[in-house]
Amino acid sequence: MSEVLLEIKNVTKRYGKQVALQNVSFDVAPGRIVGLLGPNGSGKTTLIKIINNLLADYEGEVYLCGHAPGVETKKLVSYLPDKMALPTWLAVTEALNLYANFFADFDRARAENLLHSLKVPPGKKIGELSKGMQEKLMLTLTMARRAKLYVLDEPIAGVDPAARDLIISTIIDNFADGSSLLISTHIISDVEAVFDDVIFLKEGAVDLQGEAEALRSQHGKSIDQLFREVYRC
Amino acid sequence: MLAKLMMLDLRFAYRQFLTMAALLLVIGLAVPYMDVNILRLGVPILLAVAFTIIPVLCITLVIRHFQRNLYGDEGYLMFTLPVGTNQLLLSKVITTLIWFNLMLCSAIVFVFLLLRDQFGIWELVKELLTWDILRKLLHILFIININVLPFILAVFMGISLQSMAVRNRKLGRFWGIAAMLVAIALFVWTTVRLAGWQYLEITVGDQAIISASMAASEKINIAICAAFSAIFFGLNSYIMQRRLNLD
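Sequence lines, in order, name chains A and B. If you're matching positions, the first sequence starts at 257 in the working numbering and goes up one per residue. If you're matching positions, the second sequence starts at 14 in the working numbering and goes up one per residue.
Hints were generated in silico from the structure; no laboratory data involved. A hint or two may mislead.
Listed below are the simulated DMTMM-like cross-link pairs for lysine to aspartate or glutamate, each with C-alpha atoms no more than 20 Å apart in a straight line [to be verified]:
#1 B:K17 to A:E350
#2 A:K381 to B:D130
#3 A:K331 to B:E87
#4 A:K380 to B:E87
#5 A:K387 to B:D86
#6 A:K404 to A:D283
In isolation and in its complexed conformation, chain A is listed as follows (with noise of 0.2 Å):
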């Protein structure tokens, strides 16, 4: 790893005497798909919120490409949350239009083939669009900015199986050349061969981190396995 994109320094996060994080310390180098695993409640969410600046009352460094999170990163990075941040008021091409305003890197003909190629009805009110829907209308918005750095919060933890593929296939034909991909999720055995890299978070700490290749072949099982053996209850 010649450079870092997204540096992580002993960050530790508490909700009064809750610790969520604790001195979770790892790098992210361009280029790269990095697998964000953990249960429910181990973490993952905490720190997505760290990096893209939701949360600002932690200790430890956050750096992405040199920046502390604030405004310069949020031009860098393209976030998918695992809730619906959009106003639901707006019409799907008004939301297009709002990061076509806001975000000098969104690619306004990619976000519409995307819609066209998810069957997102471009007319209609975000409130109007069920659930799915809305879900592919984010992930659009998400994957049609030229971004250093995608982070996606449980892409498709809502998303049934025969739909995962054709989400999972829009996340990696989609994000920038050079950038990396920082993929939150519990649901392993879809996107474990699309991972290059692997943290494992447990009750809000690094339990084990790697280079997925790696990781399989030092311990002999899928990714999928290893996390069934870390996280049986």
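Please arrange chain B on chain A, whose structure you already have, making use of the hints.
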């Protein structure tokens, strides 16, 4: 970027605000043509709608928008836009003032329409359309706006404070409302104590003294409003930058 944010904020409820403004004007226009018996029953209701329900609706819309757009699910979009938190806050404040002025103007026109049989409305309009009167009206509007500003920021600050209580949202809401009420009470008390008392001395009778006293009061009033607005804006901005904790 601020202009783009304001456009987004203005669009969220422009239909509701314009409908309420139009409703006031329609009521104002229709009242003189109503049957006397209907009027006896209807005027108190119309006045209640105009001066109670509509302002309450407006305040509710503004509070709901601020809460949802920054601290609800939409916050995940708003706080990841490449804009500073001061711009996010400023956009909300300016758009709230725009809605306030729209509704204030509608209410004034509504009153004029209701009273149009008492005096010649066109003569009044002609009289008002002089540079001197317009200048005075703009000045009054400025004074009203600068006095409203700390109230808006205190309400926003209360909502922002609520978001800090991550473990107990209900308790956070209580402290947020309490802090907002204390902030408003402090502002009102300071204004009355430092600027308002001079207004009470206008019984002296000497015009020169009255004018001097009012001018001094106004300057103190503006200074107090500016100081409280700056404090409330600063606290809001601090919470959004340093203590943000989205659910």
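Evaluated hints:
A hinted pair counts as satisfied when its Cα atoms are at most 20 Å apart, and B:K17 with A:E350 qualifies at roughly 13 Å. Taken as a hint, the A:K381 and B:D130 pair is broken in the structure, with Cα atoms around 46 Å apart against an allowance of 20 Å. As the CA atoms of A:K331 and B:E87 are separated by approximately 18 Å, the hinted pair is consistent with the 20 Å bound. For the given pair, A:K380 sits about 19 Å from B:E87 by alpha-carbon distance, which is consistent with the 20 Å threshold.
Among the hinted pairs, A:K387 with B:D86 is consistent with the structure: their alpha-carbon atoms are about 14 Å apart, no more than 20 Å. Distance hint between A:K404 and A:D283 is fulfilled; the C-alpha atoms sit about 14 Å from each other, no more than 20 Å.
The structure is inconsistent with hint 2 alone, although it conforms to all the rest.
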